[in-house]
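Participant: So the chains spell out like this:
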Amino acid sequence: MHTPLSSIILVLFGSFIGSFGAVFLKMGAEHMNGSLARLLTNYWLATGVLLYLLSSVFYMMGVSQGQLTVLYPMVSLGYIWAILWARIFFKEPFTRAKIGGLVMIICGVALINLGNS
Amino acid sequence: MFDSPVVDERAEARRSFLLVFSCTVIGALAQILVKQGTSQLGGPHITLSQALGHPNLVARFCLGVITNLKLFIGYGMYGINTFLMALALKGRELSRLYPIIALTYVWVTILSLFVLPGEHLNFFRTAGIAFIVGGVSVLGMKK
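Protein chains in written order, with the numbering used here: chain A, 303 to 419; chain B, 2 to 144.
In short, the hints are calculated from the structure, not lab data.
Any given hint might turn out to be false.
Under the rule of at most 30 Å between Cα atoms (straight-line distance), these lysine-lysine pairs were calculated in the DSSO-like manner [to be verified]:
1. B:Lys71 - A:Lys393
2. B:Lys143 - A:Lys393
3. B:Lys91 - A:Lys393
4. B:Lys143 - B:Lys71
5. A:Lys328 - A:Lys393
6. A:Lys328 - B:Lys91
Pairwise CB distance ranges (calculated) [as the list claims (entries may be wrong)]:
7. B:Cys63 - A:Trp387: 32 to 38 Å
8. A:Phe396 - B:Leu88: 15 to 21 Å
9. A:Lys328 - B:Gly77: 40 to 46 Å
10. A:Phe392 - B:Gly119: 19 to 25 Å
11. A:Met334 - B:Gly119: 27 to 33 Å
12. B:Asp9 - A:Ala348: 33 to 39 Å
13. B:Ser50 - A:Arg340: 20 to 26 Å
14. A:Phe318 - B:Glu94: 34 to 40 Å
One-sided and incomplete, this derived list gives chain A residues near chain B with beta-carbon spacing under 8 Å [unchecked claim]:
15. Ile310
16. Leu312
17. Leu338
18. Leu341
19. Tyr345
20. Leu347
21. Thr349
22. Leu370
23. Thr371
24. Ile407
Computed from a prediction, not measured in an experiment: that's the story for all the values here.
For every residue, glycine included, the Cβ atom is placed at its ideal position computed from N, Cα and C.
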């Protein structure tokens, strides 16, 4: 069995959307103060959850065809976006460990795609 | 007498380690169920451009999703997992637990080979997973 490229693209797109979900959840967490009314009208959180739901729709469309041994590791590319958004939106600095880890993840994803062709 | 807070701290660290470790196993099982569930759905193969251009295709897919038992259980486990993870991480630094969280990639691969049809590994795929696990582990290191 071969994993179609279109499935890989769907999973990658899903994890890209999911990375924005994380940004909104963190924004939402910063607006929480423990009151239920505040929690229910926290549109940051609601948007974050919605983005996660949307990302899982694309993920599911992706994994419905092809091999999980190829598709699941593609999710790890989401760390790239997470670290990038953390830098842009939350001023979390790039560290040597983050850059080293990202390079390894990108190599890993490339190797898996190589192993799929 | 002065030792007790240190012991508590260590016991708590072990507790959250075990909790996060269990989460990786539960999370991997959930992934297998999600894969099995989506494979059951059938329907046409949808590409990203089709999905973005034809919302009705996506809607039909979603309708299949919400009536599928395996997906329901899979995502239910995923929800429990998120809750347990939040419990384990309370007052702790997420990044220090990345090496454990990265194990999910190993469990998903092993379970896929045993449970799912048509899965196989080769040198490149194995090396790729090793790189990803290493990379995720490294991300949270200081400096």
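Participant: Now tell me if each hint is right for this structure.
Facilitator: Here is how each hint holds up against the structure:
1. B:Lys71 - A:Lys393: Since the Cα atoms of lysine 71 of chain B and lysine 393 of chain A sit roughly 40 Å apart, the hinted pair is violated (cutoff 30 Å).
2. B:Lys143 - A:Lys393: holds, 17 Å
3. B:Lys91 - A:Lys393: This hinted pair holds, its Cα atoms lying about 23 Å apart.
4. B:Lys143 - B:Lys71: Not OK: lysine 143 of chain B and lysine 71 of chain B at ~40 Å, beyond 30 Å, violated.
5. A:Lys328 - A:Lys393: Holds, because 13 Å separates the two Cα atoms, which is no more than 30 Å.
6. A:Lys328 - B:Lys91: Roughly 15 Å between the alpha carbons, so the hint for lysine 328 of chain A and lysine 91 of chain B holds.
7. B:Cys63 - A:Trp387: 32 to 38 Å: Violated - the Cβ-Cβ distance for cysteine 63 of chain B and tryptophan 387 of chain A, about 26 Å, lies outside 32 to 38 Å.
8. A:Phe396 - B:Leu88: 15 to 21 Å: violated, 30 Å
9. A:Lys328 - B:Gly77: 40 to 46 Å: violated, 25 Å
10. A:Phe392 - B:Gly119: 19 to 25 Å: violated, 41 Å
11. A:Met334 - B:Gly119: 27 to 33 Å: violated, 45 Å
12. B:Asp9 - A:Ala348: 33 to 39 Å: holds, 38 Å
13. B:Ser50 - A:Arg340: 20 to 26 Å: Given a distance of about 40 Å, which is not inside 20 to 26 Å, the answer is violated.
14. A:Phe318 - B:Glu94: 34 to 40 Å: Given a distance of about 26 Å, which is not inside 34 to 40 Å, the answer is violated.
15. Ile310: Check failed: Cβ of isoleucine 310 of chain A comes no nearer than 10 Å to chain B, outside 8 Å.
16. Leu312: holds, 5 Å
17. Leu338: With Cβ-Cβ at 18 Å, over 8 Å, it is violated.
18. Leu341: violated, 15 Å
19. Tyr345: violated, 20 Å
20. Leu347: With a closest approach of 14 Å, the leucine 347 of chain A hint is violated.
21. Thr349: Constraint on threonine 349 of chain A not satisfied, violated at 17 Å.
22. Leu370: holds, 4 Å
23. Thr371: Since the shortest Cβ distance to chain B is 5 Å, the answer is holds.
24. Ile407: holds, 4 Å
Violated hints for the displayed structure, listed by number in ascending order: 1, 4, 7, 8, 9, 10, 11, 13, 14, 15, 17, 18, 19, 20, 21.
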